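The chain contents come next:
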Amino acid sequence: MKWETVIGLEVHTQLATQSKIFSGSSTAFGASPNTQASAVDIALPGVLPVLNKGAVECAIKFALAIGATLNRINVFDRKNYFYPDLPKGYQISQLAKPIVEGGALKILVDGEERIINLTRAHLEEDAGKSLHENFQGVTGIDLNRAGTPLLEIVSEPEMRSSAEAVAYARALHTLVTWIGICDGNMQEGSFRVDANVSVRPVGQAEFGTRREIKNLNSFRFLQQAIDYEVRWQIETLEDGGRIEQATVLFDPDTGETRMMRSKEDAHDYRYFPDPDLLPVKLDEDWIESVRAALPELPAAMQLRFQNDFGVSAYDAGLLTGSRALAEYFEAAARACGQGKLVANWVMGELSATLNKAELDIMQSPVSSRQLGALVARIQDGTLSGKLAKQVFEGLWEGAGEVDAIIEARGLKQMSDSGELEKIIDEVLAANQKSVEEIRSGKEKAFNALIGQVMKASKGKANPAQVNDLLKAKLQ
Amino acid sequence: MSDASLSALAAQLAAKQVSSRELTQQYLDRITALNPVLNAFITVDADKTLTEAAAADALIAKGKAGPLTGVPIAHKDIFCTDGWLTTCGSKMLHNFIAPYDAHVIQRFKAAGMPSLGKTNMDEFAMGSSNETSYFGAVKNPWNTAYVPGGSSGGAAACVAARMAPAATGTDTGGSIRQPAALCGITGLKPTYGLVSRFGMIAFASSLDQAGPMAPSAEDCALLLNVMTGFDPNDSTSLEREKEDYARDLDKPLTGLRVGLPREFFAEGLNNEVATAVEAAVTELKKLGATTVEISLANSKLAIPVYYVLAPAEASSNLSRFDGVRYGYRAPEYANLDDMYCKTRAQGFGAEVKRRILIGAYVLSHGYYDAYYLQAQKIRRLIANDFTEAFKTCDVILGPTAPGTAFKLGEKSDNPVEMYLNDLYTIPANLAGLPGMSLPCGFDSQGLPIGLQLVGNYFSEAKMLNVAHQYQCVTDWHARAPEGLK
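Quick mapping for you: the protein sequence lines, in order, are chains P and G.
The opening residue of the first sequence carries number 1159 in our numbering; numbering runs sequentially from there.
The opening residue of the second sequence carries number 3 in our numbering; numbering runs sequentially from there.
Don't read these hints as lab results, they were simulated from the structure.
Here the structure is a predicted model, which means the values were calculated and not measured.
Each residue gets a CB set at the ideal place from its N, CA and C atoms; glycine is no exception.
Treat the hints with care, since some could be wrong.
No more than 20 angstroms apart at the CA atoms, straight line, and that leaves these computed lysine to aspartate or glutamate pairs for EDC-like [unchecked claim]: (1) G:Lys344 / P:Asp1243; (2) P:Lys1255 / G:Asp371; (3) P:Lys1631 / P:Glu1601; (4) P:Lys1211 / G:Glu241; (5) P:Lys1237 / G:Asp371; (6) P:Lys1264 / P:Glu1454; (7) G:Lys288 / G:Asp477; (8) G:Lys355 / P:Asp1426; (9) G:Lys355 / G:Asp339; (10) P:Lys1618 / P:Asp1583; (11) P:Lys1544 / P:Asp1583; (12) P:Lys1287 / G:Asp477; (13) P:Lys1439 / G:Glu241.
Footprint (simulated), chain G over chain P, 3 or more residues, beta carbon under 8 angstroms [what the hints assert, rightly or not]: (14) 1194-1205; (15) 1239-1249.
With the hints as constraints, model all of the structure from the sequences given.
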C-alpha cells in the first residue's frame, strides 16, 4: 500500500520582550535559578497578572507579516493542571478567542513553491523548569522562565513530508527573527516545535490517527523525528496494528520516538476565561502604527531582488534566509551595482568561509562595503576571479581595504599588453612542440599554453586577453 | 470603651488630646480582654502595631497628618501584610508570613492608620458563619452562643465589640454585608473594580471586592476615601477620578426614590426582620423619600448561579496552594501526586474542598456549557434586572439577610441552608453593584437586624448619604453589645 504523510506543526516562539508577559521580571536567559522570579511569577497568594503590551505588539507584528486576521477582541483563558514548575496551577493562555487567526507562509521545497496555511497563533506564558540533577535526590524548581511570553503558532495539517515540515519551520524561524519578535535561539528554547504526525493510504480523505512529537529544538531533530515516526506508523499499520492517539518524545541518541502519555492520560484542562484579565482590545491606530514600523518582509524583498538585481527566484530565496544576510547582500550590491556577481560571492566564497569559521553573517570580518568594493574591482577588470579570492583572503584577515591589498600584494591584473606579449613570446619559444601541434589542429595544446602563460604571469594576466593575443600570434 | 466615630477620634488626635499610641493601646487592651471570648483576631502583634502608632504620632507632630492618621484599624486575614502571618483562615497558610503588602494595606499604611492585627474569617472566605475557619469560630458579641456571620466575621465582631474602631472586609457573595447585619454594624461592598484586589487572596476573582466595616455610614465613607483608587497592579481596577464619598452625607433625602424588590420581601424572610426593614422604610419616607415597587425576577437564580461561578473560579484560584513553594505541605508522601493529594487533603477544610470539587466539576469537559456558560448567561440577566430597576429608582432597599444570627453549629451540617443566608446579598456581587448593610433594629432575642441598600454603579456617595441620613434619626448603629468585659 502507498502511504501519505500528514504533518501539522505547533511552534512555541519565545517573544523578545524585556520583561515577562504578566509581570515586570526580566526575561534574560541564563540567570541563577529564581533570581528572575517575582511575587507574581512564583504565584504568591494575592498577586495578579498585568498584561505586557509588548507581547501583544509582537503578536500584531506576526499577524501583519503573515496576512492573518487580528481578533480585535481576544481573551485570555486559564488552562488548569498541576505541575511543580507551573506555580499558579494554571497556565494563562488563549483558547476560544486567540489574538491571531489564519494567515499563510510560502515555502520552497525542491524548487517547488508551496503555501502552508496557519490555523491560529495565541499568546501564553511559559512554565518554569524542573531541575532533576544535583539536588540530593529532590527536584529543584527554577521559575526564571515562568511567565516568559510565548506565541504559539499552529499550522494547518498541510505538510506532506519531513522536508516540507522543515522548510515550513525554517521559513517561520526566518520570519519571526526577521520581524524581531523572537531571537530564534533554538538551543536556549526560544523556538520549540511540536509535530503532529499521521499517515493515511494515498487517496483516503480522512486523516489517520495522529501522534504528537513534543519539544523538538533543532531542524535536524525535527526531520529525524518525523522520518522515524512515519516509518514506525506505517510499519505498525502494515503489521495489522493500530495507531493510538498519543504524545511522544524524540530521543536524539537513539533516533526514536517514545510514548510520553496516551490519550487516556490526557488532562482535562478545564479552560475558562481568566477573570483577572480583561479582554484585550486592539484599536486600529495601534495596529496601523505597528504596520508602519514593520520592516520589508522576506517575500517582498525576494521579488525586489529579482527585479532590481536580476537574481534568480532561488537565489533570492537563499539571500533572504535571514534579515541580516539580506541586508548584507543589498548593501554590497548597491555599493557596486553588480547584484548577480555579489549574489555569487555571498552564497559562494563568503558563506563557505563563514561556515568554516562557524560565524554568522553579522560576525563577518568582511563588511558588505568591502565585498562591494571587491566585486567592483572584478567588474572593472582590475582583478580576475582568482586574484579576487586572494584579495578576499586579505580582507578576511583584516589586511586593509580592497585597493590597498591589491597594491600591497601586487595582485593587479596585467593590463600592459607589451609586458604580456613578452611573456607570451617567451612561452611560445619554450614550447615549440606545442606550437606545432596547435598548428596541426590539436586544440588541447592551446589550453595548455594559456595555462603556461597564466603561470608565467603569476596569475596576473587577464585570461581573455591571453586568449586573444595567443590566437593572434599563432595565426 | 470609646464609642467615638472615626472623625471624632481623628479630631482628638489632631487636637493632641490623645496620642495614637495611647488610643491604639486602649484598643489592644480591649482585644487582649475580649479575644479569648470572641476569637475575632487570628494574629495580634502589639509591638508592630505600636511601632506604627508611634510613626503616626510623628506624622501628627510634624503636621503631616491626613484625615484619619493615628486611628487604628483591623485587617481581615485575607490581605497580605508584609511581615505578618497571613492565613486566610486556613491550615494551608497557617505558617505563611506575607513578604508584601496588599494594595489596601498599602493605602491604610500611607494614611497613617496603625494595624491592630489580622481578623478571623471563614477559610478562604468560604462561609456565612465564620465556622469554617481553621482557627476556630468567631462568637457574636451580642450573644456568644451565636455566629457573627461570615466570611468577614472577625472584622464584624471586633468592630461590634469595639475592639477596633473600624475594620477591612471582603465581599464575594455578602461577606461584608451579612456579618455586618448579624453583628449590628455598617459595612459597604463597593462597585466591582473600585478597590484594588492586589494582595487580597483570591476566592472568586470576578466577584471579590474589599470594603470598609465600621459602626456608621459616615465612618465607612471616610474609610472608602482611603481604600479606593486605581491600581496598575490589578487589571480589573477602574481608572476613575478620585471622589470624596463623604461629600453628600448631609444632603436631604427629599425626592429620593427607594426601590423595593418584591422578591426580597417574599417567602423565606423572617417576620421580625421584615418588620424592622419596613419600619426603616417608614423612617426614610419621613425624611422625604418615596417608594417604588420593583422586580428583580432573575435574582431567585442568584444562589445556583453563584454556586457555579464562585466555585469554578475558586477551584482554579486555589490551585496554587500545592505545597511546593510556601504554606502547608504534608509531612509524608510517596511521590509528587501523593504530595499534592495529601497536602490538599490535609491543608483544606471541608467547605473549601466541597467548593473546589463543585468548581472543577462545572468546568469539566462536557459540563462547561451546561453549567459554567449557562450560569454566565443568567448572571447577565440578573445584572439586566438591576439596570431596568434603576430606571425607576435611585437606590434599592431590602433585608441584608433572611434572618438574624443563628446558633453556632445550627447550620454547619447543612451547606444548602447555610448558602441561603446570602440570598439577598449575592445578586449585587453578580451584577458588580455596590451594596451596604446598616443596622435597623433588633429581634426579640436582642440580636441585630441588617438593612441592605444596593445602588447603581459608582453610586456609593448616594448610598452613604441615604444611610447617614437614616442614622441621623436612628441610633441602632450606635448601640454596642453590653455585658462584654
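Consistency of the hints with the structure:
no.	hint	in the structure
1	G:Lys344 / P:Asp1243	holds, 19 angstroms
2	P:Lys1255 / G:Asp371	holds, 16 angstroms
3	P:Lys1631 / P:Glu1601	holds, 15 angstroms
4	P:Lys1211 / G:Glu241	holds, 18 angstroms
5	P:Lys1237 / G:Asp371	holds, 16 angstroms
6	P:Lys1264 / P:Glu1454	holds, 16 angstroms
7	G:Lys288 / G:Asp477	holds, 16 angstroms
8	G:Lys355 / P:Asp1426	holds, 19 angstroms
9	G:Lys355 / G:Asp339	holds, 17 angstroms
10	P:Lys1618 / P:Asp1583	holds, 17 angstroms
11	P:Lys1544 / P:Asp1583	violated, 24 angstroms
12	P:Lys1287 / G:Asp477	violated, 61 angstroms
13	P:Lys1439 / G:Glu241	holds, 16 angstroms
14	1194-1205	holds (count 7)
15	1239-1249	holds (count 6)
Figure legend: structure checked against the earlier numbered hints; hints not met, in rising order: 11 and 12.
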